[in-house]
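These protein sequence lines map, in sequence, to chains A and B. Quick note: the first sequence uses numbering that gives the first Met the number 0, first residue 0, plus one each step. Quick note: the second sequence uses numbering that gives the first Met the number 0, first residue 0, plus one each step.
Be aware that one or more of the hints could be misleading.
Quick list of in silico lysine-lysine cross-link-like pairs, BS3-like style, CA-CA up to 30 Å [as the list claims (entries may be wrong)]:
#1 Lys80/B x Lys359/A
#2 Lys130/B x Lys235/A
#3 Lys19/B x Lys235/A
#4 Lys2/B x Lys383/A
#5 Lys383/A x Lys93/A
#6 Lys461/B x Lys331/A
#7 Lys461/B x Lys341/B
#8 Lys331/A x Lys341/B
#9 Lys19/B x Lys383/A
#10 Lys347/A x Lys19/B
Examples of chain A residues toward chain B, derived with CB under 8 Å [stated by the list, open to error]:
#11 Pro100
#12 Asp328
#13 Ile330
#14 Ser370
Simulated from the structure, these hints should not be mistaken for laboratory data. C-beta: ideal position from N, C-alpha, C; glycine also.
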Amino acid sequence: MDILAYSAVELSAAIKQGTVTAVEAMAAVLSRIDERERDINAYVTMDREQALKAAAAVQEKIEKGELNGVLAGVPVAVKDNLCTEGMRTTCSSKILENFVPTFSAEAVVNLEKAGAVVIGKTNMDEFAMGSTTETSAYGVTRNPWNTDHVPGGSSGGSAAAVAAGECYFALGSDTGGSIRQPASFCGVVGLKPTYGTVSRYGLVAYGSSLDQIGPLTKNVADCAAVLEVIASHDVKDATSINRKEENKDTDFTAALVDDVKGMKIGIPRDYFGEGLDGEVKDAVLAAAKQLAAKGAVVEEFDLSLVAYAIPAYYTIAAAEASSNLERFDGIKYGYRAASFEGLHDMYKKTRSEGFGAEVKRRIMLGSFVLSSGYYDAYYLKALKVKAMIKNAFDDAFAKYDLILGPVAPTTAPKQGESLSDPLKMYLGDIYTISVNLAGLPAISLPCGKDSKGLPIGLQLIADSFQEKKLIQAAYTYEKQ
Amino acid sequence: MAKQYETVIGLEVHVELATKTKIFCGCSTAFGGAPNTHTCPVCTGMPGSLPVLNRQVVNAAMAVGLATNCTITQYCKFDRKNYFYPDNPQNYQISQLYLPICRNGHVDIETSEGKKSVGIHEIHMEEDAGKLIHDEWEDCSLVDYNRSGVPLIEIVSEPDMRSAEEVIAYLEKLRMIVQYLGASDCKLNEGSMRADVNLSVREVGAETFGTRTEMKNLNSFRAITHAIAGERERQIELLESGQQVTQETRRWDDAKEYSYAMRSKEDAQDYRYFPDPDLPPIYISDEWIAQIRDSQPEFREEKMARYKTEFDIPEYDIGIITDSKHLADLFEETVAICGQPKKVSNWLMGETLRLLKEKGMDPEEICFSPENLAKLIGLVDSKAVNSTVAKEVFEVMFAEDMDPEKYVEEKGLKTVNDEGALRKAVEEVIRANPQSVADYRGGKEKAIGFLVGQTMKAMRGKADPGTVNKVLRELL
């Protein structure tokens, strides 16, 4: 079997069996990267020697029986907004072009403890602000299915790397759809967990009340396995939930069951209105039919408030980001302007030169909605809308186990067509954004291709802490 | 007729809490230490770092709130105050604006004008900033983040004070309360207590407040008193000459006894306060409040009242001893061992205070134990040492807290109570000083003093002067 054809879990099993080694897997991945990176540009930073060395060290541990988890020996790509100790972490921004963290994000630590081996850091929209990975300061990433198109964003590099076989799985982050949308554009599986499930310690903050780290994988079984490894209660993150001990529902791989009999699935009418591409609509509804054929009870319903999700999201995310990004000031680390006169000029020049246009736009927007005189009308109001959206989902989940819909209104747009109209670009987040506002878990999985051959994604949304329902339904659909 | 002006004063007092670790991370709050050695990714604003609240800070804030009659805000939050400055690693300070932990309290003070209640508007928790050091030689500024993240509580009073005397009384009361709680050592000159004075003037009888200014850099009670007088004068002069007072922050220079404007509060920054999304709201249960209330120490007034009835010592002594919790504890614990309140009080009021003053120390810094003080008192009682020797031993004990009984043994300082040896010495002295003997016998009482002195010298101080006196008179 072609070593790159293994899924993450299959690879680890093969390594433990002795069929292949971790070093061989890493070498194969590096080889594939050599082949395709020029066209795809999924990675910002890679250290080949270090990666092979790390793989060799893990291989030894596996042989000694010291590492026997389901991901031991598997090469992983990490989105560049997750801190990796000793390895450059840029958030695809110029302002961090030489920043090397002194610690690793908790999710990365969990993966490394389980024996996964980091290949390198993947490209993204700068500071996770974007939907196409075109705002990166390190060049665009291209969709492996058709390099004239974008891979989606902001975890575009991670999604492309998985799709192109440049890694076995990847970590991304999702604040408004940044795992799910690129997963759908690149034809891979992507999951955003319930807020508080994966520690945010070490994730460079964008929208603190919305951010979550999650897996991008080749299939649902891998997704469940990775989620199980990275989910943990972390005392260093005050928003981290102790699900293992208190809720006892982190055995995600136990949900890999081919069965949806009796599952109640709701399809929001509001998601299928104007603006949704016909081919995407057909593919998603066809998927719903398939689940119905396997015993799920599928029906339409009104979700409501969908129209308010985008303004609420951008208000809240930009507000939090405008504060979170204040630390990038040229004083302590990162880029500092070469010439300036006095402290405040240094701040201005450093940030003007170090940040890209989209980041500056959102910082300005965020500063505005928090400013005196506008706080109540914008930020406070957005928080109230957020609460109302959560209530709307609560009502929906009183009736349904899952909500089904598209991930994005279209398949991957062409390169260079999105940034000129930011508002239009923002509207593309319509199906993913409310999930973050409500803190819910959701998964994106491939459900077909359009006539151009570009992947279409199916989104399943569950109530808080119900990832297992997502996984079960996704697994069942995948088994078709 | 000249107009009469009333001064209206409110205070914002920042107190550095004496918790072991910082408010949002586990770094040490210990003073000193080489720059940037008590730091971590959290208190240096590294990307990806997150704050986690130190529960002891909440306990301390609640304790101070309860001791100042505040209501505890049982659902409270932290907010971010956003502004750019190098001593602020994230360029936002985590503080509390919308829901401070304590509100609507008061503190009772007493001045020459009588008793008064000063209202406390609120108390909130926040983090301290780092320290900037300006290197003139290299023409650059350096930042030390050791202090960044040290927990502070800010106590905001109502504008209820009308004079420098009231302000000092209020600050002393606050300091007493906070020290008694062990929440902070509250030293103005070390920065563990910082006071900003908000002052305005208005004509006596006016119903509205005048425009106020804020004064900073007040590092001693003296500076505060001068600043208040100076600012009152400055504002009155402005108003009398038809001008207006500008709302601004002024920095007081105590050496020059003069203040100058720092920045106008009008074009003050918009801090864009919003609730910190990294910190969940704090739910304070009735049980938690009860727990803090139950562990409150007995405060000074209660202590003073109790001492009056329990120990028969003068009110003046009680006042001095209870002025410091450490001193009061030392007093009670020593009395518990030796049962001699008057004697213990004498040692504290006399020698202890004297040495504290001489060495410029605070009562909090006394290091000798109640056991050792009790032992020393025992040695004097049993006449094992005389009072002169006792004082010498005490000085060593004050510095080193050694066991006085052991010390007296080792150094051979015991009073010689052997009457025989004493008589011999006295006889020697009588023989050696015929003139003084003649003087005494001739009616000069004072001469015996000299003879006692000579005897003490001969005995190397190890005699009881009273006994020496008695023997001398016998033999003469």
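Comparing the hints with the structure gives:
1. Lys80/B x Lys359/A: 20 Å, holds
2. Lys130/B x Lys235/A: 25 Å, holds
3. Lys19/B x Lys235/A: Holds, at roughly 18 Å.
4. Lys2/B x Lys383/A: 53 Å, violated
5. Lys383/A x Lys93/A: 35 Å, violated
6. Lys461/B x Lys331/A: 67 Å, violated
7. Lys461/B x Lys341/B: 25 Å, holds
8. Lys331/A x Lys341/B: 60 Å, violated
9. Lys19/B x Lys383/A: 39 Å, violated
10. Lys347/A x Lys19/B: 38 Å, violated
11. Pro100: 7 Å, holds
12. Asp328: Holds - the Cβ of Asp328/A comes within 8 Å of chain B, reaching about 6 Å at its closest.
13. Ile330: 5 Å, holds
14. Ser370: Since the shortest Cβ distance to chain B is 5 Å, the answer is holds.
Checked against the numbered hints above, the structure breaks hints 4, 5, 6, 8, 9 and 10 and satisfies the rest.
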